[in-house]
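There are 4 protein chains.
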Amino acid sequence: MFARDVEVKQEQKLSPDRSLRSRLFEVRAYTEKLTEPLSSEDQTVQAMSDASPTKWHLGHTTWFFEAFLLEKYIESYRRFDETFHFCFNSYYEHAGPRHPRPLRGMLTRPSAEKVSDYRRHVDEGLTYLFDYYRLELPKDVIEIIELGINHEQQHQELILTDILSLFASNPLRPAYDKGYVSHHEIDSFTKPDWLMPKVGIVEIGHDGEGFYYDNECPSHVTLLQPFKLCDQLVTNGDWLEFINDGAYKTPTLWLSDGWYAVRSQNWEAPGYWEKIGDFWYQMTLAGMNPVHKRAPVSNISYYEAEAFARWVGKRLPTEFEWEVAAKAYPYELKQLYSHVWQWTTSSYAAYPGFVPEKGAVGEYNGKFMCNQYVLRGASHATTLGHSRATYRNFFYADSRWQFTGLRLAENIT
Amino acid sequence: MFARDVEVKQEQKLSPDRSLRSRLFEVRAYTEKLTEPLSSEDQTVQAMSDASPTKWHLGHTTWFFEAFLLEKYIESYRRFDETFHFCFNSYYEHAGPRHPRPLRGMLTRPSAEKVSDYRRHVDEGLTYLFDYYRLELPKDVIEIIELGINHEQQHQELILTDILSLFASNPLRPAYDKGYVSHHEIDSFTKPDWLMPKVGIVEIGHDGEGFYYDNECPSHVTLLQPFKLCDQLVTNGDWLEFINDGAYKTPTLWLSDGWYAVRSQNWEAPGYWEKIGDFWYQMTLAGMNPVHKRAPVSNISYYEAEAFARWVGKRLPTEFEWEVAAKAYPYELKQLYSHVWQWTTSSYAAYPGFVPEKGAVGEYNGKFMCNQYVLRGASHATTLGHSRATYRNFFYADSRWQFTGLRLAENIT
Amino acid sequence: MFARDVEVKQEQKLSPDRSLRSRLFEVRAYTEKLTEPLSSEDQTVQAMSDASPTKWHLGHTTWFFEAFLLEKYIESYRRFDETFHFCFNSYYEHAGPRHPRPLRGMLTRPSAEKVSDYRRHVDEGLTYLFDYYRLELPKDVIEIIELGINHEQQHQELILTDILSLFASNPLRPAYDKGYVSHHEIDSFTKPDWLMPKVGIVEIGHDGEGFYYDNECPSHVTLLQPFKLCDQLVTNGDWLEFINDGAYKTPTLWLSDGWYAVRSQNWEAPGYWEKIGDFWYQMTLAGMNPVHKRAPVSNISYYEAEAFARWVGKRLPTEFEWEVAAKAYPYELKQLYSHVWQWTTSSYAAYPGFVPEKGAVGEYNGKFMCNQYVLRGASHATTLGHSRATYRNFFYADSRWQFTGLRLAENIT
Amino acid sequence: MFARDVEVKQEQKLSPDRSLRSRLFEVRAYTEKLTEPLSSEDQTVQAMSDASPTKWHLGHTTWFFEAFLLEKYIESYRRFDETFHFCFNSYYEHAGPRHPRPLRGMLTRPSAEKVSDYRRHVDEGLTYLFDYYRLELPKDVIEIIELGINHEQQHQELILTDILSLFASNPLRPAYDKGYVSHHEIDSFTKPDWLMPKVGIVEIGHDGEGFYYDNECPSHVTLLQPFKLCDQLVTNGDWLEFINDGAYKTPTLWLSDGWYAVRSQNWEAPGYWEKIGDFWYQMTLAGMNPVHKRAPVSNISYYEAEAFARWVGKRLPTEFEWEVAAKAYPYELKQLYSHVWQWTTSSYAAYPGFVPEKGAVGEYNGKFMCNQYVLRGASHATTLGHSRATYRNFFYADSRWQFTGLRLAENIT
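Residue numbers (this note's numbering), protein chains in the order written: chain P, 1 to 413; chain H, 414 to 826; chain L, 827 to 1239; chain Z, 1240 to 1652.
The set of hints was computed from the structure by calculation and includes no laboratory data.
Incomplete in silico selection of chain H near chain P, CB under 7 Å: (1) Leu636; (2) Gln638; (3) Leu668; (4) Ser669; (5) Cys783; (6) Asn824.
No farther apart than 27 Å at their CA atoms in a straight line, the calculated lysine-lysine pairs in the DSSO-like style are these: (7) P:Lys358 / P:Lys72; (8) P:Lys249 / L:Lys1075; (9) L:Lys859 / H:Lys527; (10) H:Lys747 / H:Lys641; (11) Z:Lys1272 / P:Lys114; (12) L:Lys940 / H:Lys446.
Here the structure is a predicted model, which means the values were calculated and not measured.
A virtual CB, placed ideally from N, CA and C, is assigned to each residue, including glycine.
All chains, full assembly: derive it from the sequences and hints.
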């Protein structure tokens, strides 16, 4: 249905029964495919501290395999370039000093071409590793490869969200891909429906089948009160009513911190919206387009999601409510994983009994469990196959450069 | 046991069966008693945006009764001064525009003396109100008075925490009260004990008997896993070991946001600690004193509490664990309400089914339910009688100007 | 002619032939007289980093005599309080560490009363010094006393400019003195006249008769081209035309740095102007008043003065042009010293051959000779007798909290 | 003697008698030659607000000819791309809105290749213009072309200074050109000599022969006192003594603003110096190199130059002193135009009688005449033929990314 899906996503729909090796190299190749519309200049610049240059994503996902796999399991492995360890470590304190995040855009060297060579070098190392262990991959090697695949898929999404932040800062407002469809209409014309999942003591978290991140565990039980969850996402049309009702000028609709963000960041509409004359436009991966009323609203902060819910007399779901509903109604709940990430009212925290792993891999999720809010689902930019009901994404309450929207919940009284 | 308790606190220990009227005026009088050691200059200056001048606290707690009670229930009531409504509204959007928080220290006018007159004017109004309704106070009037009493008690604590922020910025390091004992030693010399409350489905929140804030409700059930809670607070002695082990220089001990705070705010020890020569001193309400090893650590941020717990191989409790334990072991758990507020790992959020009241009073707690962490217990600066097991205090994770410490928890595996 | 003059200024008009001793104590007394309308709260708070609290001015001018005179020339002198040396040193690196300027408002202690005791203590020391040297004051003692008198007069002016910055930040907009006349009308109704001083090789700087600051020396010759100088100051009426012509929205009228200041500081009118409804008001030492069209414009930055001159097709004078004209036409040039300081186009720099004195006194002027612009004349807040044609005042180009205006010049072509 | 001179500079030594047309296209070609060592990535990124990307310099110098020449004098001329007018206008308010300076690094589009096409397009336009006016170029066309040539030469220098700011931010510290010699030794081994130009009434400014900027005019007379000027520049060796004497830790050596800059920007040495182990290195266009003691110190701020002069008991010259000496001793004064720009103590201001031209060209220099200090001479990065004794360069007192040094002066007493 979506242009990009038809053309591109199918190529990388990774059936779980394919061999690990195929899956790995297909993911690696897909990352590079994503960069095809981008010049080496596009791949180098950083528009904001939160976002990274494409070239950095390409290098970092490669460094991940070099640092955590090849250096540890292949004795004869030689680093492609000693300086890359410093350039492409993201935030792993255990892995030593690194180039500061806000300066990732200074890396005009190494060149995009050299980073491409780096990718090939590491891919050869990975090939060697599979050959070396051809009889049987050790369990911990498999785990690192699975983590590396999923890690790279996360960065595939970030390549798209981050390049949009760059192109939106460019006065030419270039399109990443004129055929990219992110603003597709909501499928159904029927009235929103409200689903009521079975509550009480419910199971939360990943059951251990297949890949999962440490933050989805330990699976555990919790107690839920009855609630309803809307089967559809809030749309741009809904949001225009919110704007036209003066929401961005009405302090009583907002959390205290939210109202501060509205004023200090001069928010008048979702991120990437621009009013030209009397009309609202939206900067997208397909370039500037009129705001489509029936498409899900995107690039909103937690504060805006929360204020909208208050305005409409509903609320955001907790992440547990979302998960229970997503497991119960995988088909009835529309746009679960295909449009925008959905803010929940849950602060990102460890599940009971969570203990991060030792060493650098333990930094993957645990050290961010503070001050952020959980989003569930996935977006049109999420790599196919990377979504599941237990997946926990998280951003700060004022973040707007991801494809983030909302699905409403309400109490049953 | 504590100097201040013996001399001062007894005066305002408010038995719940005293009449509302007595309790109200005793609280009002106690606020003024707290200001006795302070000159009008001390009462005027604001040392940081988070803290307010004493004079502002005196005016604001008075405005609260004027705006929410006298103006609404006494037709003949006349505002003491039209401008005070603007000066002394804190954050109530429903009550209209107000003087910006970071500029509260600009209010050299009205003078401390005029604010004192304002207090008398409103106290006379309150006396009139009791006489007017002498047969029976309407239920909503009682509720506002109870809220006003508790509100004023909260500001009594803030008067103390905020004046310390001022005196710590003064090169003379003046004492608020040389006899004030905040750094008292931990009572028991016995080894810390670990208590194991009964878990499973437990009751959380206030049961409705006596006064409570809206954020303690609705009371509800939740599901807890087995855990242990330490019967004592972490001490300065423990913290010195933490410092000496290089904690403030070891990024892997910290949450990512916490490590950022350490570096950007140059933290090397708890708030108000100063190293003079080879020795650590602590600025307190009694002036500069050597750090007492057996006193509970105070003025630490959430980040520091969390890092300490990691360093020692334990964790912070959730607010629910704290509450369940506090209800189960009111006597076995030491220093519950008498020393420092205790950080929990719970982000401040609405209880299931929470709906803020209409109008300004609905802003009391609800709009702050974002980005802050819950503290339980009370501190030496909390007015006696203002504490309870369901009480939820909350501050940002980097706040250090309150009397905040920690009590450790751990999993039972 | 001006209210304040009649009532107050006469008292301290210091005839040069009075004894040094009388002049000193009259200046000291006048400083205190200036503080009479101010409560101790008013005297304590600092509204902006550039401005200091009254109490600090009172302490600092006293410290000046203690540190530079009494400690050096009276062996038996004992400091009033050891901590005051730290509190009241302004910027003298030679005199050791000091309390940071932006934190001067934290000094609720020492109290205003104690600072008053300090003044008496030092005044007694000064009395002792005069008695001790009753036969003949050493030349260097005389020089320090003269410097101290002039230094204190400078702070008398700052007490007035700084208290206005505080009262303008107070929502009550209190008056320092309701009778204070700063916005007096321009005396003459005649058309502005343009004076043409004799040019060529001219003498600049102080001739050494009477007191002068080091920055007025060495006197030297320079070469001036023919020019005209307006005999009157630019008025608020002129400025309203400037505003109404869209000056604050027209980038081409401004220096590049000036336009940046306009936008980043949101300037739409001179400092302390406020538009209420359709009318412009001005916060003054007499409180809020309508803008008087025939009064000289005040509280404008160098950028605004410069842009106005461009708009009207003239220019600012250099400081040398101003001085030559002021010497040539002491009576024809109106409002030379009585209304507002007059911006010149001269960057504040050393005169040829200038060498600062050794030690702390050498820091008085020299180390500020960078990035500031010279103002000539004096303002209504300048102590009578403190002005002269060679006097050089200086502020940064974006400063607006002083009583600063302009007098136009033009080339003769 | 200098590598770059031998290889490169000779190519563009522009004899004044060559035809305007040849000179124009040679300058245009040389700009492109300068970019040869740079990838398109290098050409795109902006390391600091003051510096611009190479690609932007390439586009802007081209836009200059399009906007100020081709559009005005060739009726049939069509803009290469409508959006470029917005992208490549630097600061000309008369030329309309433009892309904000700090975001010049966001311009990954247009690509370097497209900017190259733009250059060719405009070069063709310029060729057409020469053909069109082949009999005789109108005087104002000649003037714009001359201005455009000189403007482009200024940007040639900026391409070098700005790329160094980028490469110094890159952890790989790449060299622009390993053979580039900027740190060449001072030619003579003889002791510094002090020259005493004839003073009194002297002629300042450009006499109108050949090209000059408006800020060098009107030529006029001024009066100079006797002084001496050193025939050599201050060296790195001198600077190491300054550092080793604790200069960066001694507040009394500095202007007040200078000391603030030292502390707030953590200066411990000139710009681009790095201490590795016990040794000082310097990042240059040839990459990281040991600091050469006999090379002129470079990349110092005005504050540092001024403090050094004070430390050594001398002073900086005024720009008039420098000019008079440079005219009197073109050969005796060494390193006048070949090594580093030389700070003077003169604030950048209009010469008497200066009136900027109407329209955009009038913004070239005039609107920057505030808060900056004049530098005289030229640097190793200045295009040959672009220097002269009356040339006025100017930067803010804390700027350090240009090749800036100092030559000492002193009074004759």
